[in-house]
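Student: Now for the letters of each chain:
Protein chains: 2
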Amino acid sequence: MDGLMMEFPLTIPVMLRRAETLFFDHEIVSRLPDRSLHRYTYADMASRTRQLAAVLRELGVQRGDRVATLCWNHYQHLEAYFAIPLIGAVLHTLNLRLSADDITYTINHAKDRIVIVDESLLPLFETIRQRVHVEHVIVIGTAASVPQGMLDYEQALANVTPNVCDDIELDEREAAVLCYTSGTTGRPKGVVYSHRAIVLHSLVTGLACTMGPTERDTVLVMVPMFHANAWGFPYTCTFVGAKQVMPGSFLDTASIAELLTDERVTQCSAVPTVWLNLLQYMDRNPGVCDLSHMRTLGTGGQAMPVEAIRRFNEDFGIQLTTGWGMTETGPFSTQGSLVEESVATDGAMQTSYLITCGRSLPLTELRLREDDVLVAWDGESVGELEVRGSTVASAYYRDATSSEKFTADGWLRTGDIASIDPHGQVDIRDRAKDAIKSGGEWISSIALENALMAHPAVSEAAVIAAQHPTWLERPIAVVALKDGASVTEQELLDMLAPDYAKWWLPEAIIFIPEIPKTSTGKFLKAGLREQYGSILLDRN
Amino acid sequence: MDGLMMEFPLTIPVMLRRAETLFFDHEIVSRLPDRSLHRYTYADMASRTRQLAAVLRELGVQRGDRVATLCWNHYQHLEAYFAIPLIGAVLHTLNLRLSADDITYTINHAKDRIVIVDESLLPLFETIRQRVHVEHVIVIGTAASVPQGMLDYEQALANVTPNVCDDIELDEREAAVLCYTSGTTGRPKGVVYSHRAIVLHSLVTGLACTMGPTERDTVLVMVPMFHANAWGFPYTCTFVGAKQVMPGSFLDTASIAELLTDERVTQCSAVPTVWLNLLQYMDRNPGVCDLSHMRTLGTGGQAMPVEAIRRFNEDFGIQLTTGWGMTETGPFSTQGSLVEESVATDGAMQTSYLITCGRSLPLTELRLREDDVLVAWDGESVGELEVRGSTVASAYYRDATSSEKFTADGWLRTGDIASIDPHGQVDIRDRAKDAIKSGGEWISSIALENALMAHPAVSEAAVIAAQHPTWLERPIAVVALKDGASVTEQELLDMLAPDYAKWWLPEAIIFIPEIPKTSTGKFLKAGLREQYGSILLDRN
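As they're listed, the protein sequences go chains A and B. Residue 1314 is where the first sequence ends in our numbering, and the numbering goes up by one at each step. Residue 1314 is where the second sequence ends in our numbering, and the numbering goes up by one at each step.
All clues stand as given, with none of them false.
With a Cα cut of at most 20 Å, we get these calculated EDC-like pairs of lysine to aspartate or glutamate:
(1) B:K1207 to B:E1144
(2) B:K1211 to B:E1154
(3) B:K1179 to A:E781
(4) B:K885 to A:D776
(5) B:K1211 to B:D1145
(6) A:K885 to B:D776
(7) A:K885 to A:D839
(8) A:K1179 to B:E781
(9) A:K1291 to A:E1304
(10) B:K885 to B:E832
(11) A:K1179 to A:E1158
(12) A:K1291 to A:E1234
By construction, these hints were calculated from the structure, which means they are not laboratory data.
Please put together the full structure from these sequences, using the hints given.
Tutor: So this is what it looks like as structure tokens:
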């Protein structure tokens, strides 16, 4: 027996219509290339989005065609986020932090017909232009700057006839967005989000029990829009009518601090590095950054040092919330928050909740597995985290090796090693490939990194596995110090000693000026292993 | 081109699994027939739900079969809410406030195979038993009381083999719940909610921009579970892990005040009468009811008098939020909240926002129509409210006359007369059938009722259309006074005069001890019209 409910597909046009109808006078603020701020409303955004959709149609874009963007976070990129799916085409956000070779690969693999590119990124695009087969290049910039053979974004919007584009009927399972993973190993792989997945992700991340932005919030969209849909914020915020602030290409801490203060930002999520830099900046420039409007500060992508969580909490009254996810998972799969069990407890206990990645979001299910056996949720046992749900990829785009990443019963193998406590709190211990197994026992690199980064002299710390003749692997730490600070290897080991078993302590600590990072700001542990992975062998 | 996302249907078992896995130790509190409180956890609830599902399977319930409940709000009813859809059967909640004749009709129309009935409601059920064709009756009560030929609920759960029931694969479009409308005119009509509609409704009402209960909330489920799924709260609260408090059959104000206080309730929604009674109760018994934990008080089903909104706000610091919906719409279609535009304004302005029903929820779209023309959203023009969305009925169950309620392009005609302001704030002016049209012009009965109920002597006021030889219709007011209070017709008219055009003023005011109400607590205006609708003709 079927329900008797209306067919009302979960599609991106539904989200746009809502913003256009109810939140037409709410603002979107963008930092322009000349550092000035551009302001307009959802009414402007929606009408220009419909113009862009009409432009793309006139250029011959058909349902299912891929249209790429090579852009920073700004209002035109937001227009592309909606305009491309609006006509049933697929938005492909090019990750400008990939190598030119990988960007070339993703454009050709996706068979993008059109690329929309920021004027400031034209030099990058020019290096690959001869190697890709796109029919049109649309440049966002000043008309004078548009090279021969390319289209000017603003001119195209002004000239298009008809100059708006009405909604067409879309199936919620149609492709809306194509994001390639950062590809720390091998070529980038494409994840194809459906309209349905994006709407459901927006609903789930709008819940009061998660980040839950509302029309009364101002959200700084800090995560690059070329990385996992900026963690979904441009879609979620539009759906609920939150004011959006887009930093453009100015991601330095001073510029961010200025936006947080001047725009009275109430919510912002970013990788830990952003918040660590902000803490240091505020220490150096007291009173310059006003966080008094901040309601929720989110982080993810990497473990946040406990010390920083404590400082935000105690010095600024802001509870950091940690999420976990991957491009393959929507991206949010978990979200931390102070749960009932922890509210009544003291600060230390609360912090211990906040350092986990929280619990699975609605419509996402998790399990742990090691060697084909499910691992208990006891907060101690570790296994590979597996995930399934409404916003999780079932395969990679045009990739025959897809199946390796999925279990026989259809769960995604995340490659993360985690424990889960009885209340479902997920604690990511390591990337599977970053895990250290010394004499057959796990050592958590993240736990040691957190402990090292709590030292006032330490700016960054990465703990990796080094090969060892007896134990096969032993941990070593690679540490970068703050400007002008100093500490010795022995002092750091003495600090760690009371809190860890002797065999957990790093076999060596190597000081370098800065930890190398991946395109998304994570420690590049593969590179560190390559460079330092055999020092214990050489030593012995 | 299709998305490459997992198939993960939106079904009720997904919601149950989440509560069972993450919120196993959160509480559900129920008032028992002997007035004592029963407490257990979501772990208990889930395992008993799976037992009940197994019982129903052993009794031969097949996918798509209807299983009815005739119950108050308590934990066993919650078990039925999940157990019946868990095996693909359809929960039919019998509205015990309908006439015995209508209950009989709905059981036979739905072809219910099993009825689960509260011991306290057996006398009601016995009056119709001979007229309905059900195979099994399961009684919730004490074993000794179960009549011959009926099953004892607790005994059945204890005896069942296998005693749990695993999830089966369900299609999200399958029927989950069948609710009949109250049917103020004609026979009740059946609305069939799909699994998908219930999950989406739970997500939407869990958003931070709506009521948004979380795992940290305690929700008193005040709306009867036999009425429009108790406005969805049992499902939403289970999904997000909120503590639920169920009042059983004790709906008197003293019992409710006790639960609100003792269980530290943070959210509760109910029809206005409940809150008006509570205000009077608190005035008579100062200090007895502690609302200091209350975060959100919701209302709907009828307009809330402004005076009461103001008093909750000013005397108790509680912002009332008004929703609007129908059994046919999920039920919530709109939800009020202080929007950005109103936060900065003064108390009076805030109140003017709070008396509207708010804006459409995500996945719901609204429009106004009069005489086949769409009506502008200017806050003044009125028309019939039409609605479409993911949680809106497309037809009634086995009803050939269904199509009258839907427009040619697939919107539901609500029968409510409303205006919508430019920001989308919906103001319900009247039920279409309650509207007063005097000399061709609308007069809002709700506005006049609100104004009359602001008088300290007035307890309830209903304004209806009376036939008039010249104007065709003229408003008259039927008023009930508070115990011991007194006011004259002229005094009330003098109070209204400064705020309304002369032709809006009631032609007569009739004092009666209490306004008669429908089964869901709304003023029974049809009855009042029948009784008083011709008094102006008689007079002239």
